[in-house]
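There are 2 protein chains.
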Amino acid sequence: MFENKENSNTSIENLGEFGLIDHLTKNFKIKQKSTVKGIGDDAAVISCDAKKELIVSTDLLLEGVHFDLSYMPLKHLGYKAVVVNLSDIYAMNAQPTQITVSIAVSNRFPIEALEELYAGIEAAAKTYNVDVVGGDTTSSTTGLLISITALGAVNKGEAVYRSGANENDLLVVTGDLGAAYMGLQILEREKEVFKVNPNSQPDLEPYSYLVERQLKPEARKDILKLLEELEVKPTAMIDISDGLSSEILHICKSSNVGCNLFEDKIPLDPQVISTCEEFNLDSTTIALSGGEDYELLFTIKTEDYPKIKANPHLTVIGHMTHEKEGMHLISRAGTKIPLVARGWNALKSNG
Amino acid sequence: MFENKENSNTSIENLGEFGLIDHLTKNFKIKQKSTVKGIGDDAAVISCDAKKELIVSTDLLLEGVHFDLSYMPLKHLGYKAVVVNLSDIYAMNAQPTQITVSIAVSNRFPIEALEELYAGIEAAAKTYNVDVVGGDTTSSTTGLLISITALGAVNKGEAVYRSGANENDLLVVTGDLGAAYMGLQILEREKEVFKVNPNSQPDLEPYSYLVERQLKPEARKDILKLLEELEVKPTAMIDISDGLSSEILHICKSSNVGCNLFEDKIPLDPQVISTCEEFNLDSTTIALSGGEDYELLFTIKTEDYPKIKANPHLTVIGHMTHEKEGMHLISRAGTKIPLVARGWNALKSNG
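Quick mapping for you: the protein sequence lines, in order, are chains A and B. Position 340, counted from 1, in the first sequence is what my numbering calls 340; the numbers after and before it change by one each time, with no gaps. Basically my numbering = 1-based index in the second sequence + 1000.
If you are wondering where the hints come from, they were derived from the structure by calculation, not from laboratory data. Idealized CB from N, CA, C, for every residue including glycine.
A partial selection of chain A residues facing chain B, derived with a Cβ cut-off under 7 Å:
| # | residue |
| --- | --- |
| 1 | 41 |
| 2 | 45 |
| 3 | 46 |
| 4 | 49 |
| 5 | 53 |
If you only want the chain A side, here are some residues facing chain B, beta carbon under 10 Å, derived:
| # | residue |
| --- | --- |
| 6 | 42 |
| 7 | 54 |
| 8 | 66 |
| 9 | 104 |
| 10 | 138 |
For reference, chain A alone in the conformation it holds in the complex (with noise of 0.2 Å):
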């Protein structure tokens, strides 16, 4: 399906690893002003200013739990690979500034499809500006695992924590939710089929959006440049990775706060309803709990609301509360429900 097609099979062990290292980065550009030294040492070195503190975030993706190299072209899986770890440095109100990307693969991977990978990887640090300063290449016993490092920098005392939100703030999500997740059942059948019938042409034509949400998502640096014009500043922010009841959980429990959740506000694409529908799926549990999103989710002051209520980018969804009320979903019938997190895996594993 969409397997990577490789007409010529290098192995690995024809480079080496030093080899392999330079093979597979020699053609990244140093774009940052900061990074002093790149690849080629036994670590970075990346220039301080003192006007900005450092942000540090990592990531683990593994083949088998996290993805799935029968649907999951490798360009993509790099390219998505640092998009996760950019999502968590946005998320903290900073731009990214570098990554580290350590690998280990299996001899079973020639080194073009290792080059495929490198190229998502790159194409990615092109999107968003940074740097690619070091890392590790190692075999392994089984499949392929990508670690990456992102580093970023933000005004000093302009971070954004998880621990910021108080009663009555406006809780404010961007985009949509739960199309990666419907695009990860959208493959997942298609994988089926395959297996049946290997000659079957899947048509992904109308679930184009939830296929390019799982495969190919992008993290949210707009919304920090579009948050600087409109002149707010969230109170606290998170990403979401593991689904909406998970990250609000997150700022309720950091924040020493509550929540009203209201159903009927959630943003869900067209297809997502429609996808929800003919997988008798609930759209709002799928929201809830669909997980790698990569959107913002934030809080703001009340008399911020004026700002940023007519921007199709943001939606409000429900307000802070005192702790002592709870975490609550508040259903189009007007019903109150605990909210519980039930993220991506958990899903997964029921589903």
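Let chain A serve as the given structure and place chain B on it in line with the hints.
Below, chain B alone, put in the same frame as chain A:
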């Protein structure tokens, strides 16, 4: 043999991912004043000092590739995983400040096993005065995997690269070489004995130094202090992770110089010499290619020789030559033998 004997077995699923990270890191203390925010948000926040440069290094360790849990206790593994990374920071002439730790584990590991691993990580963080500021915990379909990124700081312009060596500079190594590799041979041998007779009690006393160097290596933080006291600044520096010859070639290649290395100057512990005899191995080959020594290899200007010559921690093992002269080992018999990179992995697969 050294296996970790656990009485209680608590499943990881009982805690969940977020509970697990909280549980494993709850006793970790913040020691560095530059750590503004550690674990518990989308990313860590670190203050910047314009007089400093930031150093970043990352390493990936996989079960079955880099370690064998049948003789590596989990606490030692945690300690070693940190040390290996910090060694890269010291090799830049920098002080380590923070680390992030990501792990992937299969569910064959109970929480008590991860507590052991994190106890080792915490012990190393304490010894080397670094903060654990982030990480990721995920499930693995196979064994255990540890990915660590280390951050460090050095006064602006004081970082020492691989590329600064000049013709006539002296080549200096700290400590002694080959012991960690011979420790591995001892442990592998005892593992085979154990397979045949599980009741055998190995006498490791004659090999205590070798086994310690393999299971609990230390990074040479003392050397940076020593060099500062001696008022010697290396022209180039690298740490010895893959074997002396491989690291010398890195310096030569980066600095565009050649090298004469004198076999009779290579520092060897008596246990290395006697155990090499016992295993019928050439001790020079082991020192050149054994790896995992985590000693520092550096070059100094000839005029600095009087400052270091009496020091028991430092041994001059050769000198840099013009690039055209190439890289050679001068044997005890006075023969010039070309130096080739044969790292730990290569040696292992041939040995």
